[in-house]
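With chain A's structure known, arrange chain B on it following the hints.
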Amino acid sequence: MPDLLIELFSEEIPARMQARAREDLKKLVTDGLVNAGLTYASAGAFSTPRRLALTVEGLTAHSPTTREERKGPRTDAPLKAVEGFLRSLSLDPSKVPVLIPDELDGSLAERDALSSIASYLKAQGYDGTVQAEHKVRIGSREIRADLVIGDVPFEIKKIKGQFVIFVLVEKPGRPAAEIVAEVLDAAIRNFPWPKSMRWGAGSLRWVRPLHSIICLLSDESGATVVPLTVEGIAAGNSTRGHRFLSPDAFTVTGFDDYAAKLRRAHVILDSHEREETIRQGAANLAFARGWQIVPDDALLSEVAGLVEWPVPLMGVIEERFLDLPPEVLQTSMKEHQKFFSARNPRTGRIEGFVTVANIETPDDGATILAGNQRVLAARLSDAAFFWQNDLREAKAGMQAWAEGLKSVTFHNKLGSQADRIERIAALAREIAPLVGADADQAERAAKLAKLDLRSAMVGEFPELQGTMGRYYALAAGEDEAVANAARDHYSPLGPSDAVPTAPVSVAVALADKIDTLTGFWAIDEKPTGSKDPYALRRAALGVIRLILASKVTIRLRSFTEQAAYKRFVLDYAETVRSTDEAASSELMTAFLRGESLPRTRSKDLDKRIDALHEWTTQRLGPTSLETEKNPLFDGSTINYDKVSLDLLSFLHDRLKVYLRDQGIRHDIIDAVLAQPGNDDLVLVVNRATALNAMLQTDDGRNLTQGLKRAGNILAQAEEKDGVEYSFGADVKFAETDEERALFASLDTAEPAIKAAIKAEDFPAAMTAIAGLRAPIDAFFDTVQVNTDNQIVRRNRLNLLHRIRAAGQQIADFTKVEG
Amino acid sequence: MTSPNRPRSFQDVILRLQTYWATQGCAVLQPYDMEVGAGTFHPATTLRALGGRSWAAAYVQPSRRPTDGRYGENPNRLQHYYQYQVIIKPSPANLQDLYLGSLRAIGLDPMVHDVRFVEDDWESPTLGAWGLGWEVWCDGMEVSQFTYFQQVGGHDCRPVSGELTYGLERLAMYVLGVEHVMDMPFNDPDAPIPLTYGDIFRQTEREYSRWNFDQADTDTLFQHFKDAEAECARILAADPEDAAGRTIPMAHPAYDQAIKASHIFNLLDARGVISVTERQAYIGRVRALAKACADLFVTTEAAQA
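Line by line, the protein sequences are chains A and B.
So the first sequence is residues -3 to 814, counted in the numbering used here.
So the second sequence is residues 12 to 316, counted in the numbering used here.
One or more of the hints may lead you astray.
[Said to hold, decoys possible] Reference excerpt, derived from the structure (chain A facing chain B, CB under 7 Å, subset only):
1) Glu8
2) Gly196
3) Gln333
4) Ala362
5) Ile364
6) Val653
Hints are computed from structural coordinates only; laboratory data are not their basis.
Since the structure is predicted, the reported quantities are computational estimates derived from the model, not experimental observations.
The beta carbon of each residue, even a glycine, is placed where N, CA and C say it ideally should be.
Okay, chain A solo, but in the shape it has when bound (with noise of 0.2 Å):
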């Protein structure tokens, strides 16, 4: 069993490819190993900065020889496609030998399929082993054969009645040194690198200039090379060790003495170990000055694949720099310089640094830290330098970065950020009150909560917006809340972010993120597929997020029309441009700054018209568009309820998701959306909760097949007669006990159910339609509905109606399934 062990040196790596990198190699190589016949024992992958290894042990010596059976062409098909079938199949025609099968009969179009295939081999020149008179046992018949059958491959087998050639191909086993190097060949000129390059004269493309490879397979009696070229690069058995402190080409014999070498050419091939190193080697550091390491495993793993031969050292900030906020230092020394952050518990700040060398000096990383240490300097200086001068301008109101963003476009059809951040802050004023913020509050904050990102600290470091916008706000001399705002407002970014439930905040990321998704469904720019260029299912998730932390009653109705009126402005701003250029432009202005237009709700599309344009006039005074009255516009082109109706399903189906991941599945979700107030989150998600633990139940899974049955049962009947039963079940024509119970418990439940409802306490309302199962199931079990008695009939299909009409107070049943 030989052992497999592959290097690609090249020169630096790209630290965040390495990790993919690694995996890509192993799979593209033992995929093909085993596509091509060998088993493997194990397979590990490594990575340095400069190099690509993979080891794989327990690897068969040879591929096994294989018989397959290809399917050709039909016997009465011309000559040449059986000609070219066989060619296919790398087979000398004049050399395949026959088999004729047993289950031929001896019907004259196998006789022709015979011939024509003799006729075809004798056209081929085949020579010798045609031997006329050949007897051929055809069923219970020999029969004559104008041919011989030799050993096996050819077969002529019948298929839907037709005679169809089939040849076995018989693959010889190969030696695993000749697989290894087509595998391996391909593996290099189809890696998935996301970017790769080409470099000098040559035309291979690999990630950087490819320098040498190693791939070798060695067992007890050795190790051999495996004959391969690349583009001119032959791989051997020698590489090399670290750039500068074992600069030299050394030989290995397979992967242990790979790995150990390595290491004593000052190279640590695992990635993990070199991480363990660095963790250790920082954390060590920071203990002997009773300071802790701030933890980050997205750091450790980019520097780990930056180093070969990790040094940490640690370096101490500089006092002048201590009242930098603390983000602003982590993010300048992270982003930056790749450090890490040194905390004091005992001042809680951070006060300094590791840097992780790829080196051993001479003076012990002297020259390194102090190198390290002015270049930090250096940007902490511009940093301290933004800092002092944001807060000079956050003093003084902010102002200057409130004009600056009018000059910023966030979208050329949806105006300015200033203009965005007007329309945020109506929205955030209306929120308010439904998530128990003060109003005034929550305006102020939405009109501060984006000036950061005319700061200096933000131009530099744009993954600092809000956090920057926090300590402005405070320096400003806001409110603790409406400062807090101004950092939460972007939350939640992703899936698992943490979600601001403190009001203001919550006021301010819903009116943030409605006006995106109003916005761009106005403008209709909807994510499609997988293209989400504005991040709107981002969006929408956190709204869903932010509604349900905060368990706050919002009818999302109310907002997703505002992007069917916007619409609906928007297309009338536009047509009128033609005819009344100032006209328009008041209505754009008035639109883009989400100030309060006419939002008449009229189905009437003309007095939807007359309200803008009145509006418009009263705002112009006297307008050419009160003699043309938008005769353009017939508002006939979009169904602007349809607006509407689309961005609050684009929010069911991401409440799908969010739910599905929750464990709650999509149809329970169906079966409660399909309810009144589908729009209140909150409530659809108790509800959805609530049936979700019921059917978690024997008496909810039955009751659920007895509402269905009822559904059924009734919808047959109702289809039939034309009536809708849906009145007047009287007790007096009950025949059996079991129709009386039925009653009796449907009285009980009823009130019961809708009381809870009414109080929205689902849980109360499952178990009070629960304690129907019994009497339900009971009534299915001994009672006819579709009796002969027309009067008992009508009486049971209107006593089934009050079992659906139960169910349907709490969800759609017929939607659930099972």
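Just chain B now, kept in the frame of chain A:
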């Protein structure tokens, strides 16, 4: 930092680089005589990276970035600074080693310092050019840009050029241990008349900062931009055959106009009169010029293998 082999001045760093790359066989060229934003704009890089002919050049290029002006007050930001540029086509297999040799030549011993190649892909939207490579770190500071050109002016680079760009002031400040660029010795500090970088450039940085940010006449600049654009197009469209019947396509004169347009755009940008949306449009216009120049250059003698 205490290497006995340490350079003593800014010009010493430059001279050592010149000598080193001359020794490695590069043609040591002189700066291009136009205002450019970076050494890459020199036709010795932009145009010569195209086509099949081998090439090896090194040069200092004064570079102007009007928006980086800080009136000479910032310790390391300047609106006029120097880049050292090396371009070799095809990129030799030992280019990284050659580069490290240049660091040793200016007193940065990789056995004492921490030299690292950190992913940084280069792209110039104005030149329609991109490449893969690294920024080279020395003790956490970026000292060079190292790029394998993949495309220039929209053309695939075959063969590939290796390009090295050193930010000379920053590199020299580090080697010389200077905190503020204006304090850096320009010539030897023991010379009869020692001059610092500030002696030479403090006043010009102030003057240009004012002109770049406040004074440059934007109407004139807009007109110059249009003129350069029009002249570039005219040169490119000219009949390749001259009055005497000689075929002389004029790629370089046309490219000069593209460079000019690019610099004028940078000045307008510094004056703050180009909005975010217009920015892209202007960059696109310059790129169109650069591409058209590249299209013409690849048909000329200098681009043939």
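Against the structure, the hints:
For glutamate 8 of chain A, the suggested interface contact is upheld, since its CB lies about 4 Å from the closest CB of chain B, less than 7 Å. Taking 7 Å as the C-beta cut-off, the interface hint given for glycine 196 of chain A holds, the closest approach to chain B being about 4 Å. Satisfaction of the interface hint for glutamine 333 of chain A is found here, the shortest Cβ-Cβ separation to chain B being roughly 5 Å, below the 7 Å cut-off. Taking 7 Å as the C-beta cut-off, the interface hint given for alanine 362 of chain A is violated, the closest approach to chain B being about 9 Å.
At about 4 Å, the closest approach between the beta carbon of isoleucine 364 of chain A and any beta carbon in chain B falls short of 7 Å, and the interface hint on this residue holds. The beta carbon of valine 653 of chain A comes no nearer than 34 Å to any beta carbon in chain B, farther than 7 Å, and the hint placing it at the interface is violated.
Hints 4 and 6, counting from the list given before, are not met by this structure.
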